[in-house]
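Student: First to last, the protein sequences are chains A and B.
Per the working numbering, the first sequence starts with residue 1, numbered consecutively.
Per the working numbering, the second sequence starts with residue 1001, numbered consecutively.
Be careful, since some hints might not be right.
Partner residues aside, some chain A positions facing chain B, computed with beta carbon under 10 Å [to be verified]: (1) D226; (2) G228; (3) A302; (4) I304.
Pair ranges (Cβ atoms, derived) [what the hints assert, rightly or not]: (5) B:Q1051 - A:T281: 42 to 50 Å; (6) B:E1038 - A:G96: 13 to 21 Å; (7) B:A1031 - A:T325: 18 to 26 Å; (8) A:G240 - B:G1041: 49 to 57 Å; (9) A:H95 - B:D1052: 14 to 22 Å; (10) A:G240 - B:T1054: 51 to 59 Å; (11) B:T1054 - A:T176: 46 to 54 Å; (12) B:E1058 - A:R3: 52 to 60 Å; (13) A:S13 - B:Q1014: 35 to 43 Å; (14) B:D1052 - A:M147: 52 to 60 Å; (15) B:A1031 - A:Y107: 28 to 36 Å; (16) A:A58 - B:A1031: 17 to 25 Å; (17) B:A1020 - A:A6: 37 to 45 Å.
Calculated directly from the structure, the hints in this document are not laboratory data.
Ideal Cβ positions, reconstructed from N, Cα and C, are used throughout, including at glycine.
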Amino acid sequence: MERRIATRLGDGSFIELTRSEIEADLIAGSEFGAKRSKAAVLGDDEIAHLLDIFASEAKFSAVDLGDEVVLSFDGCGNADAGTPVSDVILYQNHHGADSVELWHHDYSYKAVKTVLSFETQAMKDAQMMVVAPLNYGAMPDLGRYSMPDGPIPNWSELLPLGRIDEARASQVEAGTHATRDMVHVAGAMLEAGADGLDFDTSGAAGDGDLLATLNAVRQIRAAWPDAGIEVGMAGECVLGMHGELEFEGRRLAGMWPKDQLVVATAAGATIFGPAVNVNTTKSVAWNVARACTIVKPCTAAATIPVHMNAGMGVGGVPMSAYPPTDATARASRALVDILKVDGL
Amino acid sequence: MARMQITRGMRLTQAKEYVAGKLGCSLRDLADPVAMHEIRGELGLGRIPVQDLTYPNEPGALEAKFHIADVLDVPINSVGCFRRRAGIDG
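Kindly produce the complete structure, drawing on both the sequences and the hints.
Tutor: Written out as structure tokens, the structure reads:
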């Protein structure tokens, strides 16, 4: 009888699987990801390597010496240590962060615009005290511009009524507002000394959300040639809430990470962050194999650094407020070893 | 490496080779806290102050970023802002 190995589900809870069951999960996760994204399944050697990682009973797993990657932290400027500025110093000094980020608790460029002077003052103060690159981050958050939170007719209400043209027009109009807000905040933050901007969970509201972000990135790149710009995604496939939006002739709806990377690079991003969401009912091994399969064509084609989103419910890391180290370490190592990512 | 990725869009291998070349160290040194502690001190790139180790006579955060910009030959926005607002030439 095969020995049972402690591992976890995507919700973070412990389960016990045999080595054969873990291997079967790795193969199934890869096949599932390949079928949806039309990528190639992982090779036998890659599955074998992942099996060694996930069948180990060690508490922790890590990359080989020399294979270390850059660790960027979005949303690390909490107030856990008293103030957001204290937090970024804490992440730099004690958490080993290679780059840090200030952010507002209402993590949306639209919301930040209303408190921009306070946020830029915090950025200016923090830049005096931090050596590591310090970005400012928020979500493009296109949904905020729809009624009742914003001025634009709500496309999520229009679509079920069959008012397709109006729903599409609403998203385009909302996008112009979102782009303007993102560029406005970016300009103020760069004037305050920010090293770069992070557009986190881009595409969360679908293709209109991503288009607004790409348009903002293009304007920022044109105005500030040396600004760092990270485009991080909300999920593995861009939802077609509009369905017909294009960036430089490429239809955004239905894009998978490799094509997302292409448009982010074309817009002027310096870092791209693919995101693959976690299935909480499947094992971490299944989820990691699926994530690796979906993102592998992206890292293979990249000309800019790829920082895979790896945390709380993305990149194979369990969907938990306190992701367990054993699972986080395994997922992180797997993403580096298999995908050759430039950072996490 | 993070600066070269953020500002120049360098992929990891290229960024490691670039930074190691500028610092005059090996690739292994880049992730070695023992080696980097000495290198950062020698080049004025900023050390991390903790309870037992403080460096009042060495460059602080923004001061260190002036050196990082020079050593890595990369623009650092906060350094440029400081120069403009302090009226420092160069």
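Student: Against each hint, give a clear statement of whether it holds in the structure.
Tutor: Hints and how they fare:
no.	hint	result
1	D226	5 Å, holds
2	G228	3 Å, holds
3	A302	7 Å, holds
4	I304	4 Å, holds
5	B:Q1051 - A:T281: 42 to 50 Å	45 Å, holds
6	B:E1038 - A:G96: 13 to 21 Å	18 Å, holds
7	B:A1031 - A:T325: 18 to 26 Å	20 Å, holds
8	A:G240 - B:G1041: 49 to 57 Å	54 Å, holds
9	A:H95 - B:D1052: 14 to 22 Å	19 Å, holds
10	A:G240 - B:T1054: 51 to 59 Å	56 Å, holds
11	B:T1054 - A:T176: 46 to 54 Å	51 Å, holds
12	B:E1058 - A:R3: 52 to 60 Å	53 Å, holds
13	A:S13 - B:Q1014: 35 to 43 Å	41 Å, holds
14	B:D1052 - A:M147: 52 to 60 Å	57 Å, holds
15	B:A1031 - A:Y107: 28 to 36 Å	31 Å, holds
16	A:A58 - B:A1031: 17 to 25 Å	21 Å, holds
17	B:A1020 - A:A6: 37 to 45 Å	40 Å, holds
Checked against the numbered hints listed earlier, the structure breaks none of them; every hint is satisfied.
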